[in-house]
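*Asks:* Chain by chain, the residues:
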Amino acid sequence: MTAAAQIAAWPDQLFDALKRGGIAQVGYVPDAGHARLIERCRADPQIRDVALTTEEEGVALAAGAWLGGARCALLMQSSGLGNCVNMLSLPRACRLPVLMLVTMRGEWEEFNPWQVPMGSIVEPVLRQCEAEVYRVRKPDEAPGIAERAVQQAFGDERIVAVLLSQELIGKKVWVK
Amino acid sequence: MSLPRRQAMAALTTGRGEDLLVVPGLGSTAWDLAAAGDDDRNFYLWGAMGGAAMIGLGLALAQPQRRVAVITGDGEMLMGLGSLATIGAQRPPNLAVIVFDNQAYGETGGQPSHTGAGVDLVGVARSCGVATCLDVMDETGLADLARRLTALRETLFARVLIDREEPPRVLPLRDGITLKQRFRAALGVGA
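Protein sequence lines, in the order shown, are assigned to chains A and B.
The opening position of the first sequence corresponds to residue 1 in our numbering, with each subsequent residue numbered one higher.
The opening position of the second sequence corresponds to residue 177 in our numbering, with each subsequent residue numbered one higher.
No lab work stands behind these hints: they were computed from the structure.
Any given hint could turn out to be false.
To be verified - Pulled from the structure, derived: some chain A residues nowhere near chain B, Cβ distances all over 12 angstroms: (1) D49; (2) T53; (3) E57; (4) W66; (5) A93; (6) P124; (7) V133; (8) P139; (9) I145; (10) E167.
Stated by the list, open to error - Now the in silico label distances, taken between C-beta atoms and shown as ranges: (11) A:E167 / B:G213: 35 to 45 angstroms; (12) A:E147 / B:R324: 36 to 46 angstroms; (13) B:R329 / A:T53: 47 to 57 angstroms.
Since this is a predicted model, take the numbers as computed values, not measurements.
Heads up, the beta-carbon is just placed ideally off N, CA and C, and yes, glycines get one too.
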């Protein structure tokens, strides 16, 4: 198998779902698992990519976008969810859509133990924040779940998180 | 020198034009905006501390034909200081971030904020790449800021030094869903 053939299809499928869903803004804190999707968003002239200094900025960005009639998606790593918790009061109090695509760390062959404390509580924290939570474990689940998540976030004006399992993303390679 | 906060808010919002959308921070700036006159195009915050400027950014990017003014307090801005870096990198031409600075946390008993200890918000905004950065300390400066807001063409940041006073609270609507719905309806977006 060539190197090119080994490139996973799911980031492009997530991108296609965002495009079909009319996403106009994408806020993100850079993450290795999201590298391909960030690259696709940055290359698209119809998407305004907004690099954030911290993920909670993204929750406020998404709120402002929706107030102005635009759809915003957020890309973050599991550790970033912890940075969002109080700001999620805003979409909860005002019933605003927040679509989060979250790359998971700390759950599968994790090399770095510092990723485990936040990674292990992402799901319960999201549920306590009244978010709808989906899991993508296998590549072929990505397109369908992404489609549903986009529809639910903006159709129902809800917080929807798609958790991309670490087994899907693959182990972080520590040796260059 | 410093300015009365209600006078400052009135100078920025009276006769504001239909294209001006205003996001105040939680607390005193929300009361100031309500005192200046309710408007469907005000999105009052009752929480989300540190988020006002980023709400303004999302809104400004979504509504490039309208002007967006975030008018918040020094404590609220300090909590979201990183958003000035994000805004400096994005540079939306229709966004103004205006900080009413009394160097104190007025809602919680007047505890001193970092700005009183020398943290220079105008310098922060400038070093983040915000195009126009103003320090407003008197009526002449306030009138200049109001003119620039009316003819907003590049990202603007202003610190307005205000008096350390607590005018009577004027409480705006506090139901978030109602605030959202009337705001979007006024802009003609969504149902």
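*Asks:* Indicate, hint by hint, whether the structure satisfies it.
*Replies:* Status of each hint after checking the structure:
Distance check for A:D49 against chain B: the nearest CB is about 10 angstroms away, which does not clear 12 angstroms, and the non-interface claim fails. With a cut of 12 angstroms on Cβ distances, A:T53 falls inside the contact zone with chain B, its closest approach being about 3 angstroms. In this structure A:E57 is not separated from chain B by more than 12 angstroms, as the shortest Cβ-Cβ distance comes to only about 5 angstroms. For A:W66, the shortest C-beta to C-beta distance to chain B comes to about 8 angstroms, within the 12 angstroms cut-off, and the non-interface label is violated.
Here A:A93 does not stay apart from chain B, with its beta-carbon only about 4 angstroms from theirs, under the 12 angstroms limit. Even its closest Cβ contact with chain B, about 22 angstroms, leaves A:P124 beyond 12 angstroms, as expected for a residue assigned away from the interface. At roughly 22 angstroms from the closest C-beta of chain B, the C-beta of A:V133 stays outside 12 angstroms, upholding its exclusion from the interface. Every beta carbon of chain B lies more than 12 angstroms from that of A:P139, the smallest distance being close to 31 angstroms; the non-interface claim holds.
No Cβ of chain B comes within 12 angstroms of the Cβ of A:I145; the nearest lies about 25 angstroms off, and the non-interface call holds. Every CB of chain B is more than 12 angstroms from the CB of A:E167 (nearest about 32 angstroms), matching its label as outside the interface. One distance hint, 35 to 45 angstroms for the beta-carbon pair A:E167 and B:G213, is violated here, with the actual separation near 56 angstroms. Against the hinted window of 36 to 46 angstroms, the Cβ-Cβ separation of A:E147 and B:R324 comes to about 45 angstroms, which satisfies the hint.
Here the CB-CB span from B:R329 to A:T53 is close to 26 angstroms, at odds with the stated 47 to 57 angstroms.
Violated hints for the displayed structure, listed by number in ascending order: 1, 2, 3, 4, 5, 11, 13.
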